[in-house]
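Asks: Take a look at the letters that make up each chain.
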Amino acid sequence: MSVRITGLSRRFNGQAALDDVSLEIARGEFTALLGPSGSGKTTLLRVLAGLDFPDAGLVEIDGRDVGQVPARERRVGVVFQHYALFRHMSVAENVAFGLRVRPRATRPAAAEIDRRVRELLELVQIPELAGRFPDQCSGGQRQRIALARALAIEPLLLLLDEPFAALDAVVRKDVRRWVRGLHDRLGITTILVTHDQEEALELADRVAVLDRGRLAQFAPPATLLEAPATAFVAGFLGEASCIPARLSGGRLESPLPGLAAPPAWPDGALRLFLRPHEVAVEAGPGPGLVRMVHPSLGAGTRVVLELEGHVLEGVVPPGLPVPERGGPCGLRALAATAFHEDGSRARLA
Amino acid sequence: MRQDKDSTGMEVRADGALCFTGPLGTADAARLWTRAMEACKRGVPLVDAAGVTQLSGAGAVLLAEAARRAGGVELRPPNERAAAENLKRMAAALAAAPPPAPPRPVGFVTRIGQMVLGAGAQCRTRLSFLGEVTQGWIALLARPWRLRFSELTRHLDEAGTRGFGLCILLGTLIGVILAFQSSIPMRKFGAEVFVPQLVGISLVRELGPLIAAIVLAGRSASAYAAELGTMRVNEEIDALSVMGIDPVAWLVLPRIFAAGLVMPVLTLVMNLTGLLGMGVVMGGLGIPASMVMNSLQDWISVGDLAGGLFKAMVFGLTIGLIGCRAGLKAGGGPRAVGDAATSAVVGSLVAVVVLDGIFAVIFFRLGW
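Line order of the protein sequences matches chains A and B. Everything in the first sequence is counted per our numbering, starting at 7 for the first residue and increasing by one. Everything in the second sequence is counted per our numbering, starting at 21 for the first residue and increasing by one.
Keep in mind that the hints were calculated from the coordinates and are not lab data. Any given hint could be a false lead.
As the list claims (entries may be wrong) - Computed far set for chain A versus chain B, every beta-carbon distance over 10 Å:
{"#": "1", "residue": "P76"}
{"#": "2", "residue": "A77"}
{"#": "3", "residue": "E79"}
{"#": "4", "residue": "R183"}
{"#": "5", "residue": "A235"}
{"#": "6", "residue": "G244"}
{"#": "7", "residue": "G256"}
{"#": "8", "residue": "E259"}
{"#": "9", "residue": "A289"}
{"#": "10", "residue": "P301"}
Stated by the list, open to error - Looking from chain B toward chain A, a few residues come up when the C-beta cut is under 8 Å (computed):
{"#": "11", "residue": "A112"}
{"#": "12", "residue": "N254"}
{"#": "13", "residue": "G264"}
{"#": "14", "residue": "I265"}
{"#": "15", "residue": "V268"}
{"#": "16", "residue": "A269"}
To be verified - Each pair of labels, with its calculated beta carbon distance range:
{"#": "17", "chain 1": "A", "residue 1": "S43", "chain 2": "B", "residue 2": "A113", "range": "22 to 30 Å"}
{"#": "18", "chain 1": "B", "residue 1": "G45", "chain 2": "A", "residue 2": "A275", "range": "51 to 59 Å"}
{"#": "19", "chain 1": "B", "residue 1": "G140", "chain 2": "A", "residue 2": "A275", "range": "32 to 40 Å"}
{"#": "20", "chain 1": "A", "residue 1": "E347", "chain 2": "B", "residue 2": "R101", "range": "28 to 36 Å"}
{"#": "21", "chain 1": "B", "residue 1": "F169", "chain 2": "A", "residue 2": "A175", "range": "42 to 50 Å"}
{"#": "22", "chain 1": "B", "residue 1": "R101", "chain 2": "A", "residue 2": "D211", "range": "40 to 48 Å"}
{"#": "23", "chain 1": "B", "residue 1": "M313", "chain 2": "A", "residue 2": "A111", "range": "53 to 61 Å"}
{"#": "24", "chain 1": "B", "residue 1": "D376", "chain 2": "A", "residue 2": "A175", "range": "52 to 60 Å"}
{"#": "25", "chain 1": "A", "residue 1": "G193", "chain 2": "B", "residue 2": "G140", "range": "29 to 37 Å"}
{"#": "26", "chain 1": "B", "residue 1": "D359", "chain 2": "A", "residue 2": "P291", "range": "58 to 66 Å"}
{"#": "27", "chain 1": "A", "residue 1": "A172", "chain 2": "B", "residue 2": "V370", "range": "34 to 42 Å"}
{"#": "28", "chain 1": "B", "residue 1": "A50", "chain 2": "A", "residue 2": "T12", "range": "30 to 38 Å"}
Cβ atoms here follow ideal geometry from the backbone N, Cα and C, with glycine treated the same way.
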């Protein structure tokens with residue numbers, strides 16, 4: 007089921023939670039809504055689910071304007087952040103609930119419901135938990151129950167609200183891949199809300215980055231990393247550090263050596279975004295002050311350093327001596343993404 | 021020419037410059053702050069920190085703020101290198117993230133306006149909730165089997181049968197207290213015989229429903245608010261809506277219905293035990309039970325009782341409504357549920373007393 011959002015705005019007490027957001031999501035696509043807290047991603051999800059209503063704008067699901075359609079008629083499955091399982095019902099009852107409460111005309115027979123619940127619990131790989139209560143299940147299991155419950159109503163659209171936030175790191179990675187696999191098998195249009203960029207970039211076909219209620223960029227993960235549309239996206243994704251610089255008379259004035267001035271830009275203030283692997287650090291005298299050193303697999307040693315009051319992350323190539331914590335170090339920029347104050351972007355090397 | 025001398029190294033020099041010397045630690049900065057800002061208000065052409073030997077973060081903020089308040093005058097950095105670097109870093113940090121401006125003071129008239137608008141908005145949401153519930157009732161009238169009877173009986177049990185003990189205790193005590201208190205002045209006139217009538221009428225018409233309402237507000241309004249508030253915070257209510265269930269019909273109506281049904285019963289228990297308690301006291305004062313019974317029969321009509329019970333039912337519906345609304349509109353955060361329970365109890369008590377006043381006027385006009 008395709009989703010189209012046009013000019014969506016929502017204000018809470020005069021504060022814009024969503025500001026003129028437009029998105030188009032294709033049938034069967036896995037989309038992530040990514041942004042820091044307060045960027046409006048959960049509000050957007052609630053509007054899609056029919057739990058909140060926009061002040062302006064249009065939401066079309068499968069070509070139908072759902073502005074006045076209440077949540078219960080949208081056939082949207084939602085997995086909530088805290089799973090919202092009904093504690094006084096067993097796992098099987100939780101999953102069956104959405105079917106049992108349907109009006110008699112559309113309600114499947116009891117035997118059919120039981121069969122579907124069994125199928126769903128097998129699909130989420132927890133058939134043995136059917137008789138337990140949610141409080142007797144682990145976080146990862148509850149998450150699967152919530153997913154089974156959301157799928158029970160045969161949703162046309164599946165919404166996941168930070169579903170992995172309450173899981174520990176190892177389980178999270180596991181469940182994440184499993185969810186993506188499930189999506190690939192079932193083909194339900196899925197929207198994931200998250201503040202974790204790793205999650206969004208790994209799972210989604212396309213990622214919508216939200217910045218204070220506005221859509222900053224909506225693109226596949228690779229595009230986001232290679233060609234961020236705004237300074238916000240560049241700073242939010244890929245652990246980039248931000249260094250201010252100036253362009254005057256065609257010369258780049260920045261605290262970082264190693265960068266050439268971008269061609270054909272007017273003078274003005276720039277912001278340089280550098281990923282750790284774009285900053286080469288070497289032990290020895292230099293302008294940098296080493297704050298933290300930690301080894302990382304494969305890619306040399308990561309160094310957090312301070313340069314004229316700015317904190318940035320760099321890498322000591324493997325095999326070279328590692329600077330000491332608290333001591334000075336030399337550094338050189340290998341590449342950077344630059345944003346001019348007029349909004350244009352260039353890749354520097 | 022001013023010549024302010026400070027023991028820890030702040031002075032206004034002959035040329036008017038505000039001059040800092042010596043170590044400028046956090047405590048020094050705090051101590052000097054007011055005087056420095058006053059000096060800056062009078063106007064200084066230069067803030068000179070050349071003589072500062074050590075500079076804390078707070079000291080750096082003091083210097084930067086002094087230069088800013090004096091109208092952005094020059095700030096001469098300390099000669100000491102470490103202190104100068106400190107100052108530079110702090111100035112950069114302050115420039116990057118200036119402290120937020122304090123909210124503009126709101127005028128008296130504006131504040132009144134805001135309060136009126138806020139109250140209006142609150143009234144609107146309350147009315148809309150009342151409308152939603154009424155709509156739910158009307159829908160239920162057409163299909164009464166849609167009411168969840170299991171839920172209804174559960175709430176009847178929790179609000180009703182489990183509240184009986186408390187009602188019996190309170191009713192008896194109220195009867196005893198009223199009988200004792202009123203017999204003291206009555207005895208002066210030798211009118212103790214009238215105590216049963218006095219206590220009976222006030223219990224049946226007024227105190228029975230009121231105290232039962234207090235019991236219900238304390239036990240059930242808070243429970244409703246806490247239950248629904250927890251469900252709201254856990255997003256269970258959203259989950260219900262998404263699965264096609266109207267939370268009002270599913271959760272609210274059985275609760276309100278139960279509260280409305282249970283209140284007359286609680287009131288009756290309260291009345292009976294109150295009269296019993298009064299009878300016991302009267303017996304102790306030497307007035308025989310038959311006399312008490314006779315005077316009660318003479319003075320209390322079925323109309324009195326019916327009026328009290330009707331009032332009780334209205335109180336019950338109101339308490340249920342307020343309790344459920346408080347729960348449903350609970351916000352996020354760890355305090356939300358507690359706040360919802362508090363506002364449910366306070367709201368229902370106020371509503372009950374206001375309603376009681378309205379009933380008093382109506383009954384008086386009707387001559388009931």
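Asks: A separate judgement is required for each hint: does it hold in the structure or not?
Replies: Hints, one by one, checked against the model:
1. P76: violated (8 Å)
2. A77: violated (4 Å)
3. E79: E79 of chain A not clear of chain B: closest Cβ-Cβ about 8 Å, inside 10 Å.
4. R183: Answer for R183 of chain A: holds, closest chain B Cβ roughly 25 Å.
5. A235: holds (24 Å)
6. G244: Check passes; 22 Å lies beyond 10 Å.
7. G256: holds (26 Å)
8. E259: E259 of chain A clear of chain B: closest Cβ-Cβ about 16 Å, beyond 10 Å.
9. A289: holds (23 Å)
10. P301: Nearest chain B Cβ is 29 Å from P301 of chain A, so the label holds.
11. A112: holds (5 Å)
12. N254: Status holds, d = 5 Å.
13. G264: holds (4 Å)
14. I265: With a closest approach of 5 Å, the I265 of chain B hint holds.
15. V268: violated (12 Å)
16. A269: With a closest approach of 11 Å, the A269 of chain B hint is violated.
17. A:S43 with B:A113: 22 to 30 Å: holds (23 Å)
18. B:G45 with A:A275: 51 to 59 Å: violated (36 Å)
19. B:G140 with A:A275: 32 to 40 Å: violated (47 Å)
20. A:E347 with B:R101: 28 to 36 Å: Holds, since E347 of chain A and R101 of chain B (Cβ atoms, about 33 Å apart) stay within the stated range.
21. B:F169 with A:A175: 42 to 50 Å: holds (47 Å)
22. B:R101 with A:D211: 40 to 48 Å: violated (55 Å)
23. B:M313 with A:A111: 53 to 61 Å: holds (60 Å)
24. B:D376 with A:A175: 52 to 60 Å: holds (59 Å)
25. A:G193 with B:G140: 29 to 37 Å: For G193 of chain A and G140 of chain B the Cβ distance comes to about 49 Å; the hint is violated.
26. B:D359 with A:P291: 58 to 66 Å: holds (59 Å)
27. A:A172 with B:V370: 34 to 42 Å: holds (39 Å)
28. B:A50 with A:T12: 30 to 38 Å: Check failed, 55 Å falls outside 30 to 38 Å.
Hints 1, 2, 3, 15, 16, 18, 19, 22, 25 and 28, counting from the list given before, are not met by this structure.
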